[in-house]
Amino acid sequence: MTSTTLQKQSKAPAASNRTGPVVDIQNLTVDFGRGVHQRRVVRNVSLSISPGECLALVGESGSGKSVTARTLVGLTGHGAQVTADRQTFNGADSGGWGERQWSKVRGKDAGFILQDALSSLDSLRTIGKEVGEVLRLHDLFPPAERYVRVIELLRSVGVPDPEVRASQYPHQLSGGLRQRALIASAIAAGPGLLIADEPTTALDATIAAQVLRLLGDLKDSSTGMLVVSHDLAVVAHLADRVAVMRQGEIVEEGTMEAVLQDPQHPYTKALLAAVPSASSRGSRLTGDHGIAVEPVETTAPESASLETPAERQVLISVDEISKTYPNGVGAVRTAVAGVSFELKKGDTLGIVGESGSGKSTVARIVLGVEIPDTGATLIGGRPWAEHRKQKDRRARRSVQMIYQDPLHSFDPRKTVRQVIGQAVTAAGVPRAGRYARIVELLDLVGLDEDKISSRPIELSGGQRQRVAIARALAAEPEVIICDEPVSALDVSVQARILDLLADLQHRLGLSYLFISHDLGVIQHMSKDVLVMKDGAILERGPVATVFDAPQHDYTRQLINAIPQLPTTRHFPATKQDGTRS
Amino acid sequence: MTVIPGATTSAGSAHTQTVTGLPAAPRDTSPHARQRRRWRLRPGLLLASLFLLWLAAAVVAPGVLASADPYTVNPSRSFEAPGAAAIFGTDDSGADIYSRIVHGAATSLYIGLGATAIGVVGGTAIGLLAGLNGRLVEASVMRVLDVTLAIPEILLALVVIGIIGGGTENAILAIGAGSIAYYARITRAQTHLVRRSGYVEAARTLGLPAGKVLFTHVIPNVMKPVLVLATIGVGSAIGAGASLSFLGLGTPPPAPEWGAMLSVGRNFISNAPWMITIPAAFLVATVLSITVIGRELRRRAEGRVQ
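Protein chains in written order, with the working numbering: chain A, 1 to 581; chain B, 582 to 887.
Keep in mind the hints are simulated off the structure, nothing from the lab.
In silico DSBU-like pairs for lysine-lysine, Cα to Cα no more than 30 Å straight-line: (1) B:K793 <-> A:K391; (2) B:K793 <-> B:K805; (3) A:K389 <-> A:K344; (4) B:K805 <-> A:K414; (5) A:K345 <-> A:K391; (6) B:K793 <-> A:K414; (7) B:K793 <-> A:K451; (8) A:K389 <-> B:K793; (9) A:K391 <-> A:K344; (10) A:K451 <-> B:K805; (11) A:K533 <-> A:K344; (12) A:K104 <-> A:K129; (13) A:K414 <-> A:K451; (14) A:K389 <-> A:K345; (15) A:K219 <-> A:K104.
Hey, can you work out the whole structure from these sequences and the hints?
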């Protein structure tokens, strides 16, 4: 890889005489706030990264992993109290460093790659300027040579046509290219430490796989790397060692192999079990179920389909729908081109595809909020247009949707009680029974009654999604369209939401149209799957058939991109699935 | 990591945007704790509230706060500097300035609130009309508004005064009419935003009738930023009223209106500066207090209580 040679050329002389670890911290503790508001975010964390080594820091939101990573380069944030027995950077004691010292190091000796490339890049600067900024700030190349160096860097991280891209702005680049540009600026100065904070979380599966490969290529004998992620599977192939964090503490640390093969701490085991995949299908992803009522035997979603398929009612029938949008320059962009499918009662139909494949437009057409140019959607045997004309509220309510970002689907002024209450009222529940129904719905989705007067903004991501599900259930729907319902959630929270959806399907006989870019989630949840690309269906069939014997190259690419734990073993979370794995 | 108070390095803010969910880390979210956070008053807020309370008292019962008659002319006591006898001094005709301030509060607030009410009601009606209707209606309404916005507010008010004449009520009408275009523009932009929001879509998929969606979701959420701007608008309307009085087109003297007091004080700025600084200070304090309270109200309305 060219990048490695590039890095060595530019390595600062100070970095070369280093033999010990790049960073070394002992007993790091970080507090935020003061007095009664003081919150301990990181407690007694010790870690060190040697040159040529890649350490993964894994844990869920709020586990303190990002704060720890940021503290390594002095970015803890205002109002934080950092204490450590030892804190060194490149062998020098960095414990008492102020902003001035850190800013000399950051960019030059330590590169930082953030999750969201769009908001990390200055929208008013070209990619070339952005990458060149690091070189300019640390005065690493004569101004005349900087441009050449920037082009080299962009090429080394796999940006095609770097001369063209260098003069473009972030919004003109795809998510994958933006992430590559960000990586280019992080490695521009050939830092001895590279920190990547959730580098692939916001990306499509195939793009994420490419970025992970790129990060793997960047590993060399002189660079220490720290990768922060909520998903063990993502970092499994990249990192040499892994530290699992929970509530500010490292609960388990060891070589990647050892931790994956033989996890010691129950939390690590739970994390490994939480990853949805083909082998986890039909089993629970979490040991503890967040549901008040004991769930029915969850053998598999198939149990609902014991009757022969012919007997089951077709709830939604989509017939050759197409939709185009004007693209602003007179032409049209085809979002959906001739898509047809059926959804039967009690089934889960998965739709996979990357951003821009038209899967969300299909969802909105099925939901009836978008009207297709041609073709029709039949709900209960009659087209949407007819229901709409007759103002058929029952049909309207029979299809509901939950979104990737539930917060935007809540009126910011309303409390949980008002949000669900409105849905309950719309479903025709008389005034006297409304409160009881709201509580019943909250119970159904595993939320405590005391959350009833909270506003959604005060809840966690998982709790918000539960409220969204409760609202959808209030309408007593037959079909729920799930549009990337867990993509924004941590693996562990995602597992609980997926378990909840599976339980609800069994108890209420719901049908799901399940849209995701994550094939693991689709494999776990659905019975049949559609693979979409550029608005059309490339491949369809039962999940097992499509994933085991993909007919299309694109499907194969998608499958190869799934981040997988090196061991195919599924760690049982409950006894039920012991027979299946 | 999410919501770390104070973690606002540039990279930090970029990161917090992308992660959904509040921290799973311990945070006291019991209703009691939330209540405590809600009522922990900041000093600025406390001062603003106290000042507005005083102002309300001045409007309701000026006689209780200031016993001296604001109209009393007493040439022997003219131009008395602030002191024990008259806390804010006296003016050119020997009237007690403190008393005039107290008695003038009602008129000034009347102008501010009245003009803002006219602007908000007219502006939201026009803005909703433009935002909810088809392109043709919207385009024509917006072009008219653009023309109106090109003319400075105070100039527009002067034109209206020129047609209907001066006086307190006419000043209110003139200032209010001048601000309609401003509120209409914000309303229309906000209407577009709310119409396409996820919660309006969610409400429609629940089967709520269009009219109900309009009244429970669209209008309240459109009004939220408009009302916040209106609180700031009250301040500037009081200022505009004062300018009109200053020009002799608003409340006619000897009525104790703050703007009119400024107008008179201007003539004596070198030998009796308190005649102009005192009413000016009250004007500034009023505008500031209303703005501080307005912002706090918005914060609470959105549930962003930390």
